[in-house]
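**Q** The listed protein sequences derive, respectively, from chains A and B.
If you use the working numbering, the first sequence closes out at 1437, no skipped numbers anywhere.
If you use the working numbering, the second sequence closes out at 406, no skipped numbers anywhere.
Derived by calculation from the structure, the hints in this document are not laboratory data.
Derived contacts from chain A toward chain B, CB cut-off under 10 angstroms, selection only: (1) C1320; (2) G1326; (3) T1366; (4) F1374; (5) P1378.
Note that the Cβ used here is the ideal one computed from N, Cα and C, for glycine as well.
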Amino acid sequence: MAKELICIQCPQGCRLQVSGRGEGLKVRGNKCARGIAYAGKELTNPSRTLTTTVRTCFPDFPVLPVRTRGEVPLARIFACMEEINAVRVERRLRPGDVVLDRLAGTGVPLIATADMGEGKAVYH
Amino acid sequence: MRKDWDVIVIGAGPAGLAAAAAACDAGAGVCLVERESRPGGILKQCIHDGFGLVRYGEKLTGPEYAWRDIEAVRRRNIPIWTETFLLELQRAGDGFVLTMQNREQAVFQLTARALVAATGCRERTARQIFIHGQRPAGIYTAGTVQHMINIQGYLPGRRCVILGSGDIGLIMARRLVLEGARVEGVYEIKPEPSGLTRNLVQCLQDYNIPLHLSTTVTRVLGRERVEGVVVCPADENLRPLPDRGRIVPCDTLVLSVGLIPENDILEPLGVELNPRTGGPVVDQRLAANVPGLFSCGNALHVNDLVDYVSESGEIAGRAAAAYALGRTQPSNHAELVPEGDILYAVPGRLDLAAGGKAVIYLRANRTIGNARLTISAGDKTVLRKRYPVLRPPEMERIVLDLADLPAGAGAVKLSLRGEENG
Chain A
1314 MAKELICIQC PQGCRLQVSG RGEGLKVRGN KCARGIAYAG KELTNPSRTL TTTVRTCFPD
1374 FPVLPVRTRG EVPLARIFAC MEEINAVRVE RRLRPGDVVL DRLAGTGVPL IATADMGEGK
1434 AVYH
Chain B
-15 MRKDWDVIVI GAGPAGLAAA AAACDAGAGV CLVERESRPG GILKQCIHDG FGLVRYGEKL
45 TGPEYAWRDI EAVRRRNIPI WTETFLLELQ RAGDGFVLTM QNREQAVFQL TARALVAATG
105 CRERTARQIF IHGQRPAGIY TAGTVQHMIN IQGYLPGRRC VILGSGDIGL IMARRLVLEG
165 ARVEGVYEIK PEPSGLTRNL VQCLQDYNIP LHLSTTVTRV LGRERVEGVV VCPADENLRP
225 LPDRGRIVPC DTLVLSVGLI PENDILEPLG VELNPRTGGP VVDQRLAANV PGLFSCGNAL
285 HVNDLVDYVS ESGEIAGRAA AAYALGRTQP SNHAELVPEG DILYAVPGRL DLAAGGKAVI
345 YLRANRTIGN ARLTISAGDK TVLRKRYPVL RPPEMERIVL DLADLPAGAG AVKLSLRGEE
405 NG
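Based on the provided sequences and hints, a complete structural model is requested.
**A** Here it is in structure tokens:
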């Protein structure tokens, strides 16, 4: 029985027909190799990059955008959110700086995605 | 501070940042004007990922994508006037005078030989769609909700209905659920969703948020605060069927009903706008009908990928620098005429004197299969392309080498024909 999946790796959104598992996995409808990897993962352990915000102590930058460096299991997303919601950032961070080392037992770090600058942004 | 510039770029979002860097690299003295306190434009609040696959071959979040452009502008020492409002634009001699206002200098003027308008777009509001009822608190555009949650750190409501299935609406449905709100559903008057398929999967399906097609909101209930909405199925002519309406209780109505390029500030210059796109009519250098005025990004037409916004910024910035430095020939324009299943195409004309390659962006006006695109001048076909399927939400990009056009080409035809329900 082939299963229909929509690949979410890029905006093209290829319609995949997937059958078999593990070594016997067969994928049709993918326009690139990422589709095959996506289908395999989606059948066994669907995972997503989580993007959200964390609170900060800076009034000019009240919340900082963050993401997971790598994917976390879809089923663990709300556990991750609970841990993220308890964080308060007390230093000015830049993109790539680690906010949490190991998010909610997933082993995946949470990193900043924005540049908090140095107080009011003045460029001239 | 220098007052006279070769090129001034209005707006420090992705289009403006790319334009400024490109103008600088082409040898022009350039500065950026930005009304917000930080550069980056709408990307600052687009904290989700999926940006940059075309330009960088990586999946970046909005702030990460913007950061690369901001760093590129900083490395070039291009000044950015933040928290600075453009009050008025006038032509003066062979250039422009910009009357601006900010906290440090009150009202002041800058002059420029060339202008790049990278002013982005704004959202269609509740006033621009037909919804009955009072005007209670709790009705927001998706972009406003995005700003409240991702920049200010507030949750605007606990129980939300989303009207319109545009990408921002889908992304905000997921965002609201992640932050602890309940999303009752996404309602779309058309029979097909207007957002990208991947967003239907990763924003709605992942979080069990229902999508109701051919259904719309006709009435808002509540006096002080939204208490619910009336949703109605719609017929194939997009007319609501009021006797089949039902009440959905909610405290927030989020509108994701379309974007409009923002070009009001250009009006006094006599700029010609394309009624289909809402942006200026431009040639392949993204030059408008006003000499020295260039347009790019979402102010030119609403894009679905920021990568193409940046590309248009680079084209406009380079062309503006060439104009300002006196490196352009008198133009010789041929109209680019869209035909068949095309909703719109940009640019609207080709400058044959400037030559080079024209990047053409277009959208189909309906979902079509087995689509054939041709570009022809006179009886010569210069480009052919086939698409298995084309959908209006997904913009197509093609490159036309103007050297392939026959000499003395008048109008150039861009024709798209496909089959229903591809």
